[in-house]
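Protein chains in written order, with the numbering used here: chain A, 7 to 325; chain B, 31 to 562.
Hints may contain errors.
Cut-off 25 Å, straight-line C-alpha distance, at most; resulting in silico cross-link-like pairs (DSS-like, lysine-lysine) [unchecked claim]:
id, chain 1, residue 1, chain 2, residue 2
1, A, Lys18, B, Lys480
2, B, Lys292, B, Lys282
3, B, Lys481, A, Lys232
4, A, Lys231, B, Lys292
5, B, Lys481, A, Lys18
Where chain A lies over chain B, by a calculated footprint (3+ residues, C-beta under 8 Å) [as the list claims (entries may be wrong)]:
id, segment
6, 137–149
7, 161–168
8, 374–388
9, 413–421
10, 455–461
11, 465–473
12, 504–511
Calculated from the structure, these hints are not laboratory results. Cβ atoms here follow ideal geometry from the backbone N, Cα and C, with glycine treated the same way.
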Amino acid sequence: MFRLRLVPDNTKIPFMNGRIAGLVVSAVLSIASVVLFFYPGLNYGIDFRGGIVIEARTPQAADFPSLRHTLGQLGMGQVALQEFGSPQDVLIRLERQPGDDAAQQVAADRVRNTLAQAVPGTQVRRVEAVGASVSGELFANGMLALGLAMLAMLVYIWFRFEWQFGFGAVVTLLLDITKVVGFYAVTGMQFNLTAIAAILTIMGYSVNDKVVVYDRMRENLRIYKKMPLRDLIDLSINETLNRTLGTSMCTLLSIIPLALFGGEALQDFGIVLIFGIFLATSSSIFIAAPILLFLGENRLRRGSPDASASASGGAAASS
Amino acid sequence: MLYFARWKIYAIVLICALGFVLSLPNFLSRETLASLPSWYANTRISLGLDLRGGSHLLLEVDMAAVIRDRVEGVVDGARQQLRQANVGYTAINAGERAVTVQLRDPAQSDDAVKALRSLVNRVGGGALGGGVPDLEIASSGSTVTATLSDVALRDRATQAIEQSIEIVRRRIDETGVNEPIIARQGTDRILVQLPGVEDPDRVKRLLGTTAKMTFRLVDVNADPTTGRAPPGFEILPSAEGGRTQSSYVVRKKIEVDGASLKNAQASTNSQTGEWVVSFEFDSVGSSRFAEITKANVGRPFAIVLDNKVISAPVIREPITGGRGQISGNFTAASANDLAVLLRAGALPAPLKVIEERTVGPDLGADSIRAGLMAVGVGFVMVCIYMIASYGLFGSFACFALLVNIVLTLAALSILNATLTLPGIAGILLGLGLSVDANILINERIREETKKGRGVFASMEAGFSRAYSTIVDSNLTTAIKMALLFIFGTGTIKGFAVTITFGILISMFTATVLVRLMMVTWLRRTRPATLPV
Chain A
7 MFRLRLVPDN TKIPFMNGRI AGLVVSAVLS IASVVLFFYP GLNYGIDFRG
57 GIVIEARTPQ AADFPSLRHT LGQLGMGQVA LQEFGSPQDV LIRLERQPGD
107 DAAQQVAADR VRNTLAQAVP GTQVRRVEAV GASVSGELFA NGMLALGLAM
157 LAMLVYIWFR FEWQFGFGAV VTLLLDITKV VGFYAVTGMQ FNLTAIAAIL
207 TIMGYSVNDK VVVYDRMREN LRIYKKMPLR DLIDLSINET LNRTLGTSMC
257 TLLSIIPLAL FGGEALQDFG IVLIFGIFLA TSSSIFIAAP ILLFLGENRL
307 RRGSPDASAS ASGGAAASS
Chain B
31 MLYFARWKIY AIVLICALGF VLSLPNFLSR ETLASLPSWY ANTRISLGLD
81 LRGGSHLLLE VDMAAVIRDR VEGVVDGARQ QLRQANVGYT AINAGERAVT
131 VQLRDPAQSD DAVKALRSLV NRVGGGALGG GVPDLEIASS GSTVTATLSD
181 VALRDRATQA IEQSIEIVRR RIDETGVNEP IIARQGTDRI LVQLPGVEDP
231 DRVKRLLGTT AKMTFRLVDV NADPTTGRAP PGFEILPSAE GGRTQSSYVV
281 RKKIEVDGAS LKNAQASTNS QTGEWVVSFE FDSVGSSRFA EITKANVGRP
331 FAIVLDNKVI SAPVIREPIT GGRGQISGNF TAASANDLAV LLRAGALPAP
381 LKVIEERTVG PDLGADSIRA GLMAVGVGFV MVCIYMIASY GLFGSFACFA
431 LLVNIVLTLA ALSILNATLT LPGIAGILLG LGLSVDANIL INERIREETK
481 KGRGVFASME AGFSRAYSTI VDSNLTTAIK MALLFIFGTG TIKGFAVTIT
531 FGILISMFTA TVLVRLMMVT WLRRTRPATL PV
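Excised from the complex, chain B in its bound form:
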């Protein structure tokens, strides 16, 4: 027990040195770090949003809207298919997740089922096809129902969230936020963490916009103020509250949609000097756009964003180049934001912010200062107590405690872990728990000494007896921290991680490092009594 093989001594010293080296980048200035190789300079603890300032947003995808979208698509499709198949119907109703068709003639129900079958997509299959139909079609008498299957709902949800994450990522990248974290949470949530963002409003606006852009024809003959639109048309409000008019009667049919956009840029109109967003279609969009504009010269063409008409310019001549411009009372910022939204693409469904936590950078700095101060003062006070209680062995414990902090920092650095406010509390508490191990050992050694054992025997017995106690008490804490990590969120997780490392490392510093120091001292001085 008291003998250390040479290689073990080297290993212990090496671990401590390594810990020191690995924790060093956390204390170096930015300039010094820049001159170091990146693999080394990057092994640092990153500061949590509560310490460096930033914004934490939890977004929820509106799944009801996703499903509603698909149901409406089925309604439109059904209308078309039934007309093509010459099946007469009296009504098509959209339910929560089913579409019911009332047939005029029950005898045609087979034809109707066949017609609706063409709307079925297969989902969940791989590249080779297969998968399951997303619609279940059933008929009874003159009623035919198409119901979205559970598999289809799940598939839709997965697609919607994955697509949303992708779009959110693109939009946030455009804002130039450094190191954003965008992650899926649960079935329908997206976690967005934006370090250093002091005013998250712009980001929230960007994310809160679906940015579904469509180009549709306007019916100039209908009067939008009557509040009733002819079949196949709808009344949409104007985005700007109406420079020209406050609402428009717009065809439901989408002529070209935003998915065909290749690019969008904010620029100023050379003649009027006002801000516009110029866009460019891909080849499919270009030819479609050319076709429409050719056929509708002289009529207004509405540019609709999220069910609001941004502008409805009259088509003066066919536009064949696939380029166009949106004007609509923009400022530099709003034109830019719209361009970002169009470039990044539309969200499959609206996103809601359901949780926001924003910390300003100077509050974060205050927190770090307070936390470090607390750790520093705590450390000094514990050291004073330990040395007063156990003399030389107490100072060994203090050194071990210092190594403990250094190794904890090193471990967190290697993992690129995030240090949060509760994390600092965790480090402090880890100090308390690791000092407990040293107290246990020292008290045991004292006891054994008092029983009249010799110097070596006391040390030997003290360590081995204390060891099982230390393992027991630390393991219980480790188990709890594991639970905290699994069920905790955000900052609590950081707390659990730091304490767990503190415990594991204290097993090393308290029982191995301290023993090495004591044994070395023992061999050097060969004392007659132990100074505990």
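Chain A extracted, bound-state conformation:
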């Protein structure tokens, strides 16, 4: 009977041989991401920066130079025009207008009127105008959600497993998230509320993945009381490899259509999630597991040959 297997059964890949390489590569990428976060920085969308986005569909293919000229003459700072979807679809972005929150409204109306005059028959398909105080709050709430989610993960895993597991998962999450932020910086994709949702989704997926692998390690700790931690971690990863890759594959299969046909709004979301799934899957193996190995070598079990002679020092296998 034919069965699709992403990896052969009974693999014995010595993942922990690559533990240093994995951690170093990850750390370098994350540090680079943090640098990119500050310079050149993220392309904040209007959710977080305030400003105006107008999506319009012109009756014929849009004449970008003349539109740019017309809108540029309004004296409202930089006007970014972008084609997306078809040549008739124009995305207009304006910086946050000086003045109070209501100034955005005035500016949006002016653009609308100017469009209607310059290109008769233009259909305004979408208008978003966000003032400064609202965008500040949205950003603060988004960051708060990210922080609290992280904390909740830590506490939950700590209770369900041992602190080493919780710590390992959260450090891995931090490394994952910084890379996602770096991804936003490199690609220049809009960082907005949807981006926060995407990051939280990746966090969820990543933790989900780690929990499954950890779960197997905990179970194996009970079964193989004598096995060195390093071998045990390798064994656990190998045992769950088909599941890890299978799940990633399925999630990818359900997200790729989002990136392909999801329309402008969902496309970015899909692309980031695809990146996130690769990230989360690899970090389960190359980051979360090595951290656990370093932290748990003397503590999670005794009798490990790597651990020094202090065999009596460690705690018994986890509960």
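Guided by the hints, dock chain B onto chain A, whose structure is given.
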């Protein structure tokens, strides 16, 4: 573990059937729905503004104006009370939230305090009275200060926002928008969601007008172009840029205000054919209006809307019927809008639009099409993968996945939840996570089989071992979604809701429904080996 009591089987089948029935109204046409009982036809998922098109507006009440209003009221009141009490003063100054009176004679400060006390209102009390004074009055030497208390400020703010919401609701109802959502947000904000409104400009204009209407006397002797008004008067611009003149000198004292209006209608003047707004006063307003017009025949009477003079007709004869007309270069639409504003009443303070998100209906339709396409393709691809990987058990998982979607739709329908674009993404992601549970189970069963266990033992062990893992991984996601729901706004909330339901329901479909299918199959065929 592998035995299902008969009632349990019935319960599982019943839940699935119920899910199917409850999700059905989402797929029926409008005509079919109309023939169904309303309680059933109404259990549908409503589409978010990003999917069906519409406008989302966040309005902010100008609290500074609310407080300024009260402070100015205290200044006026103080002037009157002090004059009545024969207390001499050199100056009355309005601060941000306090009024200071400089007395001519410090010896009169007790009298002044007593006079100002009459301006104090008690706020926060119930029907039986009580509450706290809204003004704190203090004196030192020749200075007397009346300060608005914190409680008073809070009370004002609450009143202002509640009143604003009421007025906003009335105004929007007049525009005929279907199913608007008008809700308070935070201390000084109002969220307005208008489904299907393609051009929110009219609504924004309606909401952006305070519509404080007053009737005041005009001083015809003073010249408004000098830029200086005599005491007790102010210069107000004309609303129309001046058909007759561009500004007027108007008495500050309000003779009649818009609160006394009973009704307002747009109509055409039978003689000139131009659009006018005719209004009708209530009994108090009528008698007041009659009194004023009687005493001021031959003088112009200004109709002031939001500090602009709409018109200033000369009173030809006393108006006793309590009816009047405002003419002022109206079009049909602007006359109608003014009538709406007057009928709905004045806002206690100006409203500012601080966030707008409008989606046109055809963009919304495009988004739905794209979203459904993504879900459909994703579902098919996952099914192909699952069947290729796990054969018969994979197809069980696919069926469970289908039931998962149906139950998620049913749950969202019961709650009348709003489906948004991120919500669709959430459903898709929920599919990915719920398939994870099935993969975990199938992989476990394979492992147990390879260890040489029998058919039943493998199934038993596979399910029970996978179960704790599934709970762990799903709970972490559920916790996060709860946070997302609490701190997220708008569409993000929808995303959190759909994923949470997806997770809860996948616990049922993956561990209960799939097990029932596997066990049933096992009992029927009694296979020697498992087809995983």
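Here is what the structure says about each hint:
1. Between lysine 18 (chain A) and lysine 480 (chain B), the direct Cα distance comes to roughly 16 Å. Compliance with the 25 Å bound is thereby established for this hinted pair.
2. A threshold of 25 Å between alpha carbons decides the hint, and for lysine 292 (chain B) with lysine 282 (chain B) the separation of about 24 Å falls inside it, so the pair holds.
3. For the hint pairing lysine 481 (chain B) with lysine 232 (chain A), the CA-to-CA distance comes to about 20 Å; that is within 25 Å, so the pair holds.
4. For the proposed pair lysine 231 (chain A) and lysine 292 (chain B), the alpha carbon gap of about 86 Å is over 25 Å, so the pair is violated.
5. A threshold of 25 Å between alpha carbons decides the hint, and for lysine 481 (chain B) with lysine 18 (chain A) the separation of about 17 Å falls inside it, so the pair holds.
6. Given as covered by chain A, the segment 137–149 of chain B fails the check, having 0 residues with a CB less than 8 Å from a CB of that chain where 3 are the minimum.
7. Given a C-beta distance limit of less than 8 Å, the hint that chain A covers the segment 161–168 of chain B is violated, as 0 residues qualify and 3 are needed.
8. Look at the segment 374–388 of chain B against chain A: 7 of its residues bring a Cβ nearer than 8 Å to a Cβ of that chain, three or more, so the hint holds.
9. For the segment 413–421 of chain B, the stated coverage by chain A holds: 6 residues have a C-beta nearer than 8 Å to a C-beta of that chain, and at least 3 were required.
10. Note: the segment 455–461 of chain B has 4 residues with beta-carbon separation from chain A under 8 Å; the three-residue rule is met and the coverage holds.
11. Judged by the Cβ-Cβ criterion of 8 Å, the segment 465–473 of chain B is covered by chain A as claimed, because 5 of its residues qualify and three suffice.
12. Figure legend: the segment 504–511 of chain B, annotated as covered by chain A; annotation consistent (7 residues with Cβ-Cβ distances under 8 Å, at least 3 required).
Going down the numbered hints, you'll see the structure goes against 4, 6, 7, while the others check out.
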